[in-house]
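Student: If you want the building blocks of each chain, they are given just below.
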Amino acid sequence: MRSDTPKYKTSDEVDFVIVGSGAAGGIMAKELSTNGFRVVVLEQGPYLTEADFVHDEIRVLTEDLLTNKPKLQPTSFRKTPNEKAKPQRALVYGRCVGGTSVHFTANFWRFHEIDFVERSKIGPIPGADLRDWPITYADLEPYYTKVEWEIGVSGLAGASPFDPPRSKPYPMPPLPVKGSGVIFERAARKLGWHPFPAPMAILSQPRAGRSACVNCGFCLAFGCEVGAKSSSLAAAIPVAEKTGRCEIRPNSYVHRIETDSNGRVTGAVYFDEKRNTHLQKAKAVIVCANGAETPRLLLLSANKQFPNGLANSSGIVGKYLMLNSGGVATGVFEDQLNDYKGFAVSRILHDFYELDHEKVGFYGGGGMDARFDITPASFALGSLPPGTPSWGKGFKDTLANNFTRTMELFGHGTSLPVETNSFSLDPDLKDAWGLPALCLTYKDHPDDIKLSNWLSQRALELLDAAGAKQKWAPTIGEQQFAVHLLGTCRMGNDPKTSVINSDHRTHDIKNLFLCDGSSLVTSGRGQPTMTIEALSFRAADRITALAKRGELT
Amino acid sequence: MNDNLSRRNFLSRGTAAVSAVWISAHWTAIVAAAEHAHQAAKSSAPAKFQFFSPEQAAEIDAITARIIPSDETPGAHEAGVVYFIDRALTTFAVDDQKTYRNGLPQFQARVTELFPKLEKFSSATPEQQDQVLRSLGQHGGGGPRMYRAAPGAAPFFETVRVHTVLGFLIDPDSGRDGNRDGVGWKLIGRDRDHMFQPPFGHYDKDYAGWQPDPPNAEKTKA
Chain A
1427 MRSDTPKYKT SDEVDFVIVG SGAAGGIMAK ELSTNGFRVV VLEQGPYLTE
1477 ADFVHDEIRV LTEDLLTNKP KLQPTSFRKT PNEKAKPQRA LVYGRCVGGT
1527 SVHFTANFWR FHEIDFVERS KIGPIPGADL RDWPITYADL EPYYTKVEWE
1577 IGVSGLAGAS PFDPPRSKPY PMPPLPVKGS GVIFERAARK LGWHPFPAPM
1627 AILSQPRAGR SACVNCGFCL AFGCEVGAKS SSLAAAIPVA EKTGRCEIRP
1677 NSYVHRIETD SNGRVTGAVY FDEKRNTHLQ KAKAVIVCAN GAETPRLLLL
1727 SANKQFPNGL ANSSGIVGKY LMLNSGGVAT GVFEDQLNDY KGFAVSRILH
1777 DFYELDHEKV GFYGGGGMDA RFDITPASFA LGSLPPGTPS WGKGFKDTLA
1827 NNFTRTMELF GHGTSLPVET NSFSLDPDLK DAWGLPALCL TYKDHPDDIK
1877 LSNWLSQRAL ELLDAAGAKQ KWAPTIGEQQ FAVHLLGTCR MGNDPKTSVI
1927 NSDHRTHDIK NLFLCDGSSL VTSGRGQPTM TIEALSFRAA DRITALAKRG
1977 ELT
Chain B
3 MNDNLSRRNF LSRGTAAVSA VWISAHWTAI VAAAEHAHQA AKSSAPAKFQ
53 FFSPEQAAEI DAITARIIPS DETPGAHEAG VVYFIDRALT TFAVDDQKTY
103 RNGLPQFQAR VTELFPKLEK FSSATPEQQD QVLRSLGQHG GGGPRMYRAA
153 PGAAPFFETV RVHTVLGFLI DPDSGRDGNR DGVGWKLIGR DRDHMFQPPF
203 GHYDKDYAGW QPDPPNAEKT KA
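Protein chains in written order, with the numbering used here: chain A, 1427 to 1979; chain B, 3 to 224.
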């Protein structure tokens, strides 16, 4: 299949350059090439395939097979803008064709109606700049459905009384229930809550030439060796390549977007594997590089005409970062769950999606899932009960007993948009190519911390109701490590308070578009990838319409 | 251990337990997994030590054997963890060479300090060995989930401990000379196969299937 894909010359002005091939970029490539456009996707990571997706924890977790490389791409962290940032591993994202969708958990619930209109519903919140989206759930609904049917999501429509309206059922039944899911379902119902089969971007049935999940047990953080996980690599990029109009160009590290004297972008400048520089010319550029690298690229592209970086007349590129809050609890049970078999999550609940703020005393809401997503060595190093000996017979016996009897509850929640929480360019630290490194500045809004603690308590309550023999929850601390990268180039109607409009077009540059986690206006309740993909389907429609009306040139 | 099975044995071993419908639905996946296992099986077998001298290897082996001791079930020694560490130090853990080079003599000095008649950890009794390890401090096993071994900076014993755990529990088919014969996975109950069908364990085996909430269930807010 790949041999049929075109090879465009860098001097050949293609219709679109897409920067990044992940959740958003992969779908963008599929949609635009299907719609007849000539597309080059520049991906900084390698083009790995299913044969590369081993179950070797060292290769994947220690050697960062699928993710950003801290040695080549150092990062720094500080809590507030007044501090000097310290070099520190600050984030993880997928760095291969397919991006983060290759290694994610694949929890795929839709955002609810409230996520788009929270500001008008609950008013301003001190210490945050909460805003409504310029689009509503109803605008995005057809595209959520597209994700479910075209990318592949398993689930059961109508199973949750809290679900937003949908135009079509899921294309496939839910994945099988795991022991953790049964325990969760029974205990949650005892407490009067409403558990339901988790919507997952993993195939429960063979579909579109891809296999159903074989429950191998190496899911979160690993690539799927049978193509059952609905990554962009498995579900979108093959379709794009089949059009004969889309070239995926791996090992291409875009570090500048070029502009002309009219203030239009003309293409993307990148290093190839040998660190030679190229300019790929294009009529328009769409940046889908994730909520950290997209703002970084805009800032790196600063020039005389755009001294604060591209699309940054508002000065908010990189700001209002949201990581999602959350609380985890772990339980050990009498009998064997063998929850290492299978994907991570089989049951979730949304009873806490819209909390009564007056009653709980803080803003926010969340979802909760039952899971086991820990591979053997990682389990032994980080998931034994507090106080377990770290070596000797006590260590060995606990390991032997607990691996098959442990499950986790994961509460996922809102983060408030705070201006000082951001990704910016570190003034001193450089990456292996000599470019300014990413600096993470983050201090959770106090309400986010309160919500995380509240979710931890609910998780412990559920483990109690489930009759866990042992249960514990780590203390909630302020976050210093970013996984969900949201809100850093947010969407809005006002060019002073947002970076892109509802077409994902930057307010400042007519032929520059951004689409990924950076576009989100609010954080949802975790699990953002479903929404990122729906946005990408929608953005591709909008961009296609603009291009066909000749409004890009 | 006669349990030297891997994914490539799935077709011959697994069919009895797996329904034909499931097999046909997953056929492409099974072939992919079988090929995958075959690739893994091609990787090299344990050979001579690359980094350790035989004397050093004996000491490291003795330390790993107190971290995951051998009793009724195999421990780090039977899993060949010392071979895994030797190979690690010339591959992914090359940054830890110094930790071993400097740490081992200091560690042996500690042995002599506690037991003046002994020069080597390996010649101490298990009780004496545990006393040496206890003198280096006790680690809490809980805490935040550890995502990876901290490179370089970790003190000697913690580095050996992390490497021992990795070498004991790594996918035995990953070609890293660890978890020999899958003894680590056998201990923790991790089946060496890489494809499973439900029910997976005790709690889902009698699950009656999804039942919707009763129709009169209130949509309550917490």
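Think of the hints as simulated: they come from the structure by calculation, not from any bench.
Treat the hints loosely; a few may be bogus.
Calculated cross-link-like contacts (lysine-lysine; reagent style PhoX-like; alpha-carbon spacing at most 20 Å) [unchecked claim]:
| no. | chain 1 | residue 1 | chain 2 | residue 2 |
| --- | --- | --- | --- | --- |
| 1 | B | LYS188 | A | LYS1497 |
| 2 | A | LYS1819 | A | LYS1505 |
| 3 | A | LYS1709 | A | LYS1435 |
| 4 | A | LYS1497 | A | LYS1512 |
| 5 | B | LYS100 | A | LYS1819 |
Student: Work down the list of hints and note, for each, if the structure agrees.
Tutor: How the hints compare with the structure:
Proximity of B/LYS188 to A/LYS1497 is assessed by CA-CA distance (about 35 Å); at most 20 Å being required, the pair is judged violated. Only pairs whose Cα atoms come within 20 Å are accepted, and A/LYS1819 paired with A/LYS1505 is rejected, the gap being roughly 41 Å. Simply put, A/LYS1709 and A/LYS1435 have alpha-carbon atoms about 14 Å apart, close enough for the 20 Å limit, and the pair holds. Proposed proximity of A/LYS1497 and A/LYS1512 is supported: the alpha carbons are some 15 Å apart, at most 20 Å.
A distance of roughly 29 Å separates the Cα atoms of B/LYS100 and A/LYS1819; the hinted pair therefore is violated under the 20 Å criterion.
Comparing the model with each numbered hint stated earlier shows that hints 1, 2, 5 do not hold.
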